Amino acid sequence: MKLYHISCNNLMRRKGKVIFLVLGLMLGIATIVTLLSITESMTRDIEDRLDRFGANIVMVPKSENLALSYGGITVGGVNYAVKEFAEKDIAGIREIENRENLGAVAPKVLGATQVMGQQVLLMGVDFAVELPLKTWWHLDGTAPAAADDLIVGAEAATTLDLAVGNTVPLGRRTFRVAAILESTGAAEDSMIIGDLHAVQEVLGKKGIISLVEIAAFCRDCPITEMVLQIAEKFPGAKVTALKQAVMAKMQSVELFKAFSYGIAGLVIFIGSLLVFVTMMGAVNERTREIGIFRAIGFRRGHVMQIILLEAIVVGFLGGFLGFVSGNLIAWAVLPLVIPNGAFAGVNLSLGALAILLSISLSLLASLYPARKGSSLDPSEALRAL
Amino acid sequence: MQTRENAVRHLIEIRDIGKDYQVGTNTVSAIRHMNFQVDDGEFISIMGQSGSGKSTLLAVLGGLNHPSRGQVLVDSLDIYDLSSEQRADFRSEYIGIIFQSFQLISYLTVLENIKLPMAITGISAKEQDAMAQSVLDKVGLGAKAERLPDQLSGGEQERVAIARAIVNRPPILLADEPTGSLDSETAEGVMALLRQLNKEGLTIIMVTHNPDACRHGDRTILVRDGLCLAQ
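Note that the protein sequences, when read in sequence, are chains A and B.
Those letters in the first sequence? Residues 1 to 385, per the working numbering, in order.
Those letters in the second sequence? Residues 386 to 616, per the working numbering, in order.
Isolated chain A, as found in the complex (with noise of 0.2 Å):
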């Protein structure tokens, strides 16, 4: 018989008391678990929406010039001629180092056209690619299929007089209004959108594009280093980093994970005492056995080597389960907490440290009364003698 057989015949034999203790144990780390993967499904989530909200690099042709509009007022200026980008080059935006942050890239065209008599902008867009990362617009009627529809502005809509299901003469060619695009408070108000190549065959801009913009992945993403790279890439392009929206978005996910780590952290510390108070009882259940070991000679660090060793194993049961049954009741719970949000999966090493934590407080929970018992005289201990 060795010290540690002592250790797995208790926990092998008192199964009622070990499974309480597990679960104690299981209870408060599973709901540190649930707490923190549901967090990191909530920032997930609430970064990849931001992410999705709209552009966060905007890619233009150099000007020498200054520009002279503020707030959609222009006072007008001495606009240089700008060399706009061939299309044929736009892929080489993908190629930068830090691709992988890369989301949208949206190519554009813009022209003034004549429409009814009315000098009108027109843009070419990439629908596919425009669509998705214009989430705030609102269409009435359907989003554009075929290369000759249209989305008009709610103004340049009232200005025309245009309606869903009208046809439109631009250039040589017809097209159809599919949708009105509800008032944004933007320039896009006062636009006509098309398919890209067909406005730049409208506005003979074949193979042009005029601006670009870029929804980068912040998470963590080096967004400076992002247009410095694409700088480089086009060296007669502007590129510049819309730094307000991508503090917005940081400072949003930043105040939701101090908030989540705020509760996390409560939940930990009632976790935490919880499992103490358990271990602590346990343990000075068993001041008498202790007396026991002590009477027929074994030493203080044999008494703690058996109940340190009980500690490690209950710990690491009650943290694996705890883990295990904390990321299934996150996965059961995120849909209610996000509508169509995603489990982020299983963390690693989520799972190792809540099992160090588990193994810890069991750990701590018990040394203190198996210090305490095996200092008393064995017959204090006993009660017995």
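These are computed hints drawn from the structure, not numbers from a lab.
Mixed in with the good hints, there may be bad ones.
[Unchecked claim] Listed next, the in silico DSS-like pairs over lysine-lysine satisfying Cα-Cα at most 25 Å (straight line): (1) A:Lys-83 - A:Lys-206; (2) A:Lys-2 - B:Lys-584; (3) A:Lys-233 - A:Lys-83; (4) A:Lys-2 - B:Lys-523; (5) A:Lys-206 - A:Lys-257; (6) B:Lys-523 - A:Lys-206; (7) B:Lys-529 - A:Lys-15.
Please read all numbers here as calculations on a predicted model, not as lab measurements.
With chain A's structure known, arrange chain B on it following the hints.
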């Protein structure tokens, strides 16, 4: 620590010991003043009424309870000069204890309870099995090795407690009321077993309040109010 080979004739010497307890603001003396010796191979009965201090005396003799004053010499060594851990080693090597209410470990089988004192000795598993089986046969429980304590009768539990106390072959056996909770027939069997162990060379100090049990011993020490009245 001296080895047994160096043992003097007085295996145990109790010199002017006393044990006081603090109860609130009052000091209560469980042992007021005691002096006596126990020779190697003796069977001593310590008899007294409940509360006379005899169990406290046994605990002090076994290095389980520090006396308030005086010395306990075993093989001329004052055991209370030893540190708590050294005293644990002393108990492991020198003392076998039979507790009043058996004090078996409920989740260990009979065989495992008997092997318990050997868990810290470094004796090989094979040797442990042989030693445990030998004492188990000696106490007549060879067939019940795999039972748990609560599956045994009181007499059988007492025998397991005796087997556990002697398995390490200590020179001294301390027994606290070994027949206290047994019927007279079972008690007689237990006493016969102790007598046999004594004949094999074991020094036994037994605490009892039963005069019948005392007749198995070589000598009886009467204890009352923390004092030795007669030897």
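Cross-check of the supplied hints:
Our distance criterion of 25 Å between C-alpha atoms is met by Lys-83 (chain A) and Lys-206 (chain A), whose separation comes to about 14 Å. The straight-line distance between the Cα atoms of Lys-2 (chain A) and Lys-584 (chain B) is roughly 32 Å, outside the 25 Å bound, and the hint therefore fails. Restraint check for Lys-233 (chain A) and Lys-83 (chain A): satisfied, since their Cα atoms lie roughly 15 Å apart, inside the 25 Å limit. Proposed proximity of Lys-2 (chain A) and Lys-523 (chain B) is supported: the alpha carbons are some 24 Å apart, at most 25 Å.
At most 25 Å may separate the alpha-carbon atoms for a hinted pair to count; Lys-206 (chain A) and Lys-257 (chain A) exceed this at roughly 47 Å. About 107 Å separates the Cα atoms of Lys-523 (chain B) and Lys-206 (chain A), which puts this hinted pair outside 25 Å; it is violated. Taking the CA atoms of Lys-529 (chain B) and Lys-15 (chain A), the gap is near 23 Å; set against the 25 Å cutoff, the hint holds.
Of the numbered hints given earlier, the model fails hints 2, 5, 6; all others are met.
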